[in-house]
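Asks: As a plain string of letters, each chain reads:
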Amino acid sequence: MPPVDIDATVIANVRLSRDYSVLSLAAPEVGTRTRPGQFVMVKPTGVTDPLLRRPFSVFEVLRNGAGEVTGVSILNKRAGRSTKRLYELEPGDVVSCLGPLGVPFTPVAAPRQAWMVAGGVGLAPFATLAETLAASNTPTTLFYGARTADELFYLDFFERLGITLVLTTEDGGHAAGRHCIKGRVTIPLEDALKAVGPAGAMVYACGPEPMLEAVAKLAARYNQPSEVSVERVMGCGLGGCYSCVVPVKHGGENANLVRSCINGPVFDGAELVWD
Amino acid sequence: MPPVDIDATVIANVRLSRDYSVLSLAAPEVGTRTRPGQFVMVKPTGVTDPLLRRPFSVFEVLRNGAGEVTGVSILNKRAGRSTKRLYELEPGDVVSCLGPLGVPFTPVAAPRQAWMVAGGVGLAPFATLAETLAASNTPTTLFYGARTADELFYLDFFERLGITLVLTTEDGGHAAGRHCIKGRVTIPLEDALKAVGPAGAMVYACGPEPMLEAVAKLAARYNQPSEVSVERVMGCGLGGCYSCVVPVKHGGENANLVRSCINGPVFDGAELVWD
Amino acid sequence: MATPDLSVAIGSLTLPNPLIAASGCFGYGLEYEHVVDLAALGGVVSKGLFMKERQGHPPPRIVETPAGMINAIGLQGIGVHRFVKEKLPLLNAAGARTFVNVCGTTLDEYVEVCKVLSDAEGVAAIELNISCPNIKEGGIQFGCSLEGTYGVVNAVKKATHLPVIPKLTPNVTDVASFAKAAEDAGADAISLVNTFLAMAIDVETRRPKITNVLGGLSGPAIRPIAVRMVWECYNLVKIPVIGMGGITDARDVIEFMLAGSTAVQIGTQNFVDPFVWTKVLDGLADYMTRHNIAKISDLIGAFDPTPPKATHA
Amino acid sequence: MATPDLSVAIGSLTLPNPLIAASGCFGYGLEYEHVVDLAALGGVVSKGLFMKERQGHPPPRIVETPAGMINAIGLQGIGVHRFVKEKLPLLNAAGARTFVNVCGTTLDEYVEVCKVLSDAEGVAAIELNISCPNIKEGGIQFGCSLEGTYGVVNAVKKATHLPVIPKLTPNVTDVASFAKAAEDAGADAISLVNTFLAMAIDVETRRPKITNVLGGLSGPAIRPIAVRMVWECYNLVKIPVIGMGGITDARDVIEFMLAGSTAVQIGTQNFVDPFVWTKVLDGLADYMTRHNIAKISDLIGAFDPTPPKATHA
Ligand SMILES: Cc1cc2nc3c(=O)[nH]c(=O)nc-3n(C[C@H](O)[C@H](O)[C@H](O)COP(=O)(O)OP(=O)(O)OC[C@H]3O[C@@H](n4cnc5c(N)ncnc54)[C@H](O)[C@@H]3O)c2cc1C
Ligand SMILES: Cc1cc2nc3c(=O)[nH]c(=O)nc-3n(C[C@H](O)[C@H](O)[C@H](O)COP(=O)(O)OP(=O)(O)OC[C@H]3O[C@@H](n4cnc5c(N)ncnc54)[C@H](O)[C@@H]3O)c2cc1C
Ligand SMILES: Cc1cc2nc3c(=O)[nH]c(=O)nc-3n(C[C@H](O)[C@H](O)[C@H](O)COP(=O)(O)O)c2cc1C
Ligand SMILES: Cc1cc2nc3c(=O)[nH]c(=O)nc-3n(C[C@H](O)[C@H](O)[C@H](O)COP(=O)(O)O)c2cc1C
Ligand code: FES
Ligand code: FES
Numbered sequence: 001m002p003p004v005d006i007d008a009t010v011i012a013n014v015r016l017s018r019d020y021s022v023l024s025l026a027a028p029e030v031g032t033r034t035r036p037g038q039f040v041m042v043k044p045t046g047v048t049d050p051l052l053r054r055p056f057s058v059f060e061v062l063r064n065g066a067g068e069v070t071g072v073s074i075l076n077k078r079a080g081r082s083t084k085r086l087y088e089l090e091p092g093d094v095v096s097c098l099g100p101l102g103v104p105f106t107p108v109a110a111p112r113q114a115w116m117v118a119g120g121v122g123l124a125p126f127a128t129l130a131e132t133l134a135a136s137n138t139p140t141t142l143f144y145g146a147r148t149a150d151e152l153f154y155l156d157f158f159e160r161l162g163i164t165l166v167l168t169t170e171d172g173g174h175a176a177g178r179h180c181i182k183g184r185v186t187i188p189l190e191d192a193l194k195a196v197g198p199a200g201a202m203v204y205a206c207g208p209e210p211m212l213e214a215v216a217k218l219a220a221r222y223n224q225p226s227e228v229s230v231e232r233v234m235g236c237g238l239g240g241c242y243s244c245v246v247p248v249k250h251g252g253e254n255a256n257l258v259r260s261c262i263n264g265p266v267f268d269g270a271e272l273v274w275d
Numbered sequence: 001m002p003p004v005d006i007d008a009t010v011i012a013n014v015r016l017s018r019d020y021s022v023l024s025l026a027a028p029e030v031g032t033r034t035r036p037g038q039f040v041m042v043k044p045t046g047v048t049d050p051l052l053r054r055p056f057s058v059f060e061v062l063r064n065g066a067g068e069v070t071g072v073s074i075l076n077k078r079a080g081r082s083t084k085r086l087y088e089l090e091p092g093d094v095v096s097c098l099g100p101l102g103v104p105f106t107p108v109a110a111p112r113q114a115w116m117v118a119g120g121v122g123l124a125p126f127a128t129l130a131e132t133l134a135a136s137n138t139p140t141t142l143f144y145g146a147r148t149a150d151e152l153f154y155l156d157f158f159e160r161l162g163i164t165l166v167l168t169t170e171d172g173g174h175a176a177g178r179h180c181i182k183g184r185v186t187i188p189l190e191d192a193l194k195a196v197g198p199a200g201a202m203v204y205a206c207g208p209e210p211m212l213e214a215v216a217k218l219a220a221r222y223n224q225p226s227e228v229s230v231e232r233v234m235g236c237g238l239g240g241c242y243s244c245v246v247p248v249k250h251g252g253e254n255a256n257l258v259r260s261c262i263n264g265p266v267f268d269g270a271e272l273v274w275d
Numbered sequence: 001m002a003t004p005d006l007s008v009a010i011g012s013l014t015l016p017n018p019l020i021a022a023s024g025c026f027g028y029g030l031e032y033e034h035v036v037d038l039a040a041l042g043g044v045v046s047k048g049l050f051m052k053e054r055q056g057h058p059p060p061r062i063v064e065t066p067a068g069m070i071n072a073i074g075l076q077g078i079g080v081h082r083f084v085k086e087k088l089p090l091l092n093a094a095g096a097r098t099f100v101n102v103c104g105t106t107l108d109e110y111v112e113v114c115k116v117l118s119d120a121e122g123v124a125a126i127e128l129n130i131s132c133p134n135i136k137e138g139g140i141q142f143g144c145s146l147e148g149t150y151g152v153v154n155a156v157k158k159a160t161h162l163p164v165i166p167k168l169t170p171n172v173t174d175v176a177s178f179a180k181a182a183e184d185a186g187a188d189a190i191s192l193v194n195t196f197l198a199m200a201i202d203v204e205t206r207r208p209k210i211t212n213v214l215g216g217l218s219g220p221a222i223r224p225i226a227v228r229m230v231w232e233c234y235n236l237v238k239i240p241v242i243g244m245g246g247i248t249d250a251r252d253v254i255e256f257m258l259a260g261s262t263a264v265q266i267g268t269q270n271f272v273d274p275f276v277w278t279k280v281l282d283g284l285a286d287y288m289t290r291h292n293i294a295k296i297s298d299l300i301g302a303f304d305p306t307p308p309k310a311t312h313a
Numbered sequence: 001m002a003t004p005d006l007s008v009a010i011g012s013l014t015l016p017n018p019l020i021a022a023s024g025c026f027g028y029g030l031e032y033e034h035v036v037d038l039a040a041l042g043g044v045v046s047k048g049l050f051m052k053e054r055q056g057h058p059p060p061r062i063v064e065t066p067a068g069m070i071n072a073i074g075l076q077g078i079g080v081h082r083f084v085k086e087k088l089p090l091l092n093a094a095g096a097r098t099f100v101n102v103c104g105t106t107l108d109e110y111v112e113v114c115k116v117l118s119d120a121e122g123v124a125a126i127e128l129n130i131s132c133p134n135i136k137e138g139g140i141q142f143g144c145s146l147e148g149t150y151g152v153v154n155a156v157k158k159a160t161h162l163p164v165i166p167k168l169t170p171n172v173t174d175v176a177s178f179a180k181a182a183e184d185a186g187a188d189a190i191s192l193v194n195t196f197l198a199m200a201i202d203v204e205t206r207r208p209k210i211t212n213v214l215g216g217l218s219g220p221a222i223r224p225i226a227v228r229m230v231w232e233c234y235n236l237v238k239i240p241v242i243g244m245g246g247i248t249d250a251r252d253v254i255e256f257m258l259a260g261s262t263a264v265q266i267g268t269q270n271f272v273d274p275f276v277w278t279k280v281l282d283g284l285a286d287y288m289t290r291h292n293i294a295k296i297s298d299l300i301g302a303f304d305p306t307p308p309k310a311t312h313a
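Residue numbers (our numbering), protein chains in the order written: chain A, 1 to 275; chain B, 1 to 275; chain C, 1 to 313; chain D, 1 to 313.
Hints in this document: simulated from the structure, not taken from any laboratory. One should not assume that every hint holds.
As the list claims (entries may be wrong) - In the EDC-like style, the derived pairs of lysine to aspartate or glutamate whose C-alpha atoms are separated by at most 16 Å in a straight line are:
(1) Lys249(A) x Glu271(A)
(2) Lys158(C) x Asp174(C)
(3) Lys309(C) x Glu204(D)
(4) Lys309(D) x Glu213(A)
(5) Lys279(C) x Asp268(A)
(6) Lys157(D) x Glu112(D)
(7) Lys309(D) x Asp275(A)
(8) Lys279(D) x Asp5(B)
(9) Lys309(D) x Glu183(C)
(10) Lys157(C) x Glu183(C)
(11) Lys249(A) x Asp268(A)
(12) Lys279(C) x Asp5(A)
(13) Lys309(C) x Asp275(B)
(14) Lys309(D) x Asp202(C)
(15) Lys217(B) x Asp275(B)
(16) Lys85(D) x Asp37(D)
Nothing here was measured: the structure is a model prediction, and the numbers come from that model.
Next comes chain A alone, as it looks inside the complex (with noise of 0.2 Å):
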């Protein structure tokens, strides 16, 4: 379905800690198309500065009572001039934004597990996909790093899906009750992955780049198919403007650099290039 652009109002803006919060938007237009690892480029309404709209993975398929989309959200986390701004709207604020955009995750079905790898802010296009992957009963894990323990989001909300959690954080801390693995989140991943039965697991992983790589080259060397998120600078979202341009092994047009807006944020973790 081709993407819309909402002028969408915000309907609240939940601080999860000092850096990040969860964004929420009147746009059932863009939460209806949305499909599990796409995006949407969002910018402050008739704000001219900062002037280009930035990408965001869509985090959650908003819904009322009656189980309507009415929106979506995103998790917001600061990094600069335009995600401090979105950090302080307050509901009623107005933001464009323009969505469905990219290709998504490619859910897989029991037998095989589906294993999802978060660092960070690199959780957002799970939520989504966890739900996906719950509603097919696919048995599914989250392999979740932070920094600390208070940047680990949404735990509560994963397990009430039924998805496993394998958390770990940089310092060894826990996460409310909830035991973390001191470390980097591809420590359990190759235990896991070393221990993979025969019906195989699908890696998904989204989040800092050098975690996709590592993410991606072990998958590989444990013979698992992995998705991995790419992350660029994004000027335009739509193919127009080249700028978001990630190295792919046979990538078709443009010899081997592709646009991550519209041939991805989603590769195939085999086919990207790693410099």
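Dock chains B, C and D with the ligands against chain A, hints included.
Replies: Below, chains B, C and D with the ligands alone, put in the same frame as chain A:
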């Protein structure tokens, strides 16, 4: 006293009509310094578009119950981008307010009468001038013209101070029981000038430039002094940019184009050259 | 009043309206098929094309600046042959009027690319990119010398029957003289401005914001300079001028037309709002109705230098 | 860490910090005495001065544009004699380091004005304005030709013992070649950029926004172009470069210094915030502390062209 620049919180923004609002700012340091006829340079704090501040007469000096100065208000009329933005501000928003700036009016004392001539938003500098004149029991009249009666504001305020009101509307409509003369404000002004007593009157004027010209020439014709507040596009308000010049007869430096931000905005009506 | 006539003529070419998608800001056009009706645009300019495919520069390729952006894509592209084979038929099917932005590292390459396009079906015109600031051999060496400009336009004109529209760089002392050189060489129209050579530094790392260090500045920031340049060219040459640089809305389009633009191109704003096209078309119709203008072409160069009032009130 | 050393040297001249108030944006300096300690600034550049008083252009003289403004003041000024008599003593009393922006309609006038300033007490340096875009005889005819630039700098150097700092226009194809011409002619430093020739139209009236039609664009909009030009000049000449164009805060100052500026000037931002000076000085000290930099002069030209990471995360 040197001007100060205050990041002033919006206390209130009372819409008087579709175009007019009274924006109250928590800037006591500006309020205590302000003399009638002076102005402030204003822009929403942190906003980069529009880039430059905009000049506004100080409308009211705000006081609390104890009579202490708590800030200033401006009478804002939507003319373009900044004034539209100011019209839309809500309590809690923050505005950079630089002032007070410029040459104030010279208040006169009895037996000489004080005649304030206001056209539209030109009412702004006369609220504070009226208070000063009332305090010294100077017999004061406000000649106040607007397009329509619903654009005549703060009439009760002036009456409470004991100011005589002479109102005009272009369509002849009346303002809440008060009679309005049909046509330009200069019509009753000329009648008054014809009948001015030996003690004479000082004519203060603020409004559209054609009105200022007419008032200054009328006052001169009847040998009465006048002080008019001019309006020029102002880049800085401090004498830095030379954008705001007006031609004066014996203007000191720079031949006869002088900066209305520091040599004005209030000028002797007889000094200005009307092109 | 009858529905306003938005059509404009660029030489033999008639466009239903003056809005053209700028090169490099609209992919190959097809990327936008699902958000805008390509036939409803005055025209679509392709990404810059050489004979062969090009990789372009490594990312990051863009950075935002006050009211603008710097880009150094490096003319990544699929080459003219694949364009003619894979893109052009679909653009024609979509009813687009396709302008092809032609690049070259040598005069011969410009000529060769234009020959390929002349033999192809349904190219509306050639926009000769002699002004890309982002690559050493991006034609800027032609675009920054009057002889170079004259030479490449002259050579290309001999090689093709298609309208030839050299795109001028603003990074020169006297852009109008380049417009004149292009006209003398037989150009059917000119387009300007390409981007302004610019640079931005990350002060925390002391490194460039984009890999290529230097890039081209576009967006609203450059509009006042671009309008001035269009006005200068309009006053010197007789061929149509296609103006661009920071256009965001109908007001901006009209400003460029009053300054002498027959048509305009929109680039950066298409990133900000891919639905800009219909909004601008509505805005133009509204302006024409308010000002009782039947034909938008009446606005071309209709700027009146009479000084404005000093005070607004 | 000791309080950071903000001092910079421009030839024989040592400034306590690199912040200089740009010409035409700070009146004659005295207008700002009550808001900023003039002695706390690196320097103050006067408005452009001719031999005689000048009226300048009729208003309106400025209009705001995206992240910038266009001005055509027309060099209204009191003339060098009244400046020396009425302003200079007060500037000296205030402890300001006064740079005088010198204009001329002829080469002789430049020389004459400089002679008058040489005989005066307490002029720190001469900024030679060969780049004002707003008046026909504003020196731009010198600033847009290499011979003209060489000629006027050379003549002025012979006429004065004061440091001579030609101010370059950005409205040229290759600004660095003008920096070189100035250096060859004996300039002690160069400053750039002056404003970009620009224009804005009121589409409702079809008239210009400012009386002079054409004016100079300044403000954040032009910064990326100005930084690029400073970098180009820094790489070609050995004399100090004074950079400016859209500086609003300490980050911008550091960007210009990394690009090769020894000192910087702030113009338009002084209109937006007359208290910018103390804020920027604090910001510079903070940056130097964070990055453990003892002497700000270590930043001059310290830009590192190594490509940044493609992704931020
Ligand atoms: C497909 C995709 C999905 C994303 N999903 C999310 C999400 O769900 N939640 C979230 O918080 N962020 C997400 N991001 C990252 C987000 O887009 C950037 O953090 C944001 O653009 C920064 O904008 P800014 O104005 O705050 O920072 P700026 O002031 O523009 O820049 C600050 C720093 O961030 C860097 N930066 C700018 N744009 C990007 C970008 N697109 N990607 C990475 N770094 C960038 C700049 O280079 C600069 O160093 C996503 C990015 C992509 C490409
Ligand atoms: C000393 C002084 C006191 C003023 N007091 C008041 C006041 O008390 N209340 C009030 O509502 N307005 C006042 N004004 C006018 C006010 O400054 C302008 O209406 C305002 O600057 C317009 O800004 P804008 O961004 O809304 O309009 P813009 O979008 O900047 O421009 C819209 C139109 O307004 C014109 N304009 C811009 N600046 C000025 C200006 N300074 N004067 C006149 N026209 C201008 C522009 O030329 C343009 O045509 C005063 C002006 C001066 C010089
Ligand atoms: C990302 C990007 C890529 C561009 N690529 C090209 C190109 O390939 N060929 C060309 O002639 N101009 C190119 N341009 C310049 C634009 O076509 C246009 O001349 C310039 O951006 C000014 O218009 P704007 O301000 O509306 O964007 C590019 C501009 C941008 C922003
Ligand atoms: C209102 C105004 C007046 C100016 N007058 C002069 C001048 O008299 N002489 C001069 O050399 N530059 C003059 N300039 C240019 C500035 O000194 C400076 O070079 C330019 O504005 C870029 O810096 P900025 O972006 O910080 O303003 C003027 C600029 C403005 C905005
Ligand atoms: S973001 Fe513009 S092409 Fe991908
Ligand atoms: S507003 Fe700048 S000098 Fe008056």
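Asks: If any of the earlier hints don't hold here, list their numbers in rising order.
Replies: 2, 5, 9 and 16
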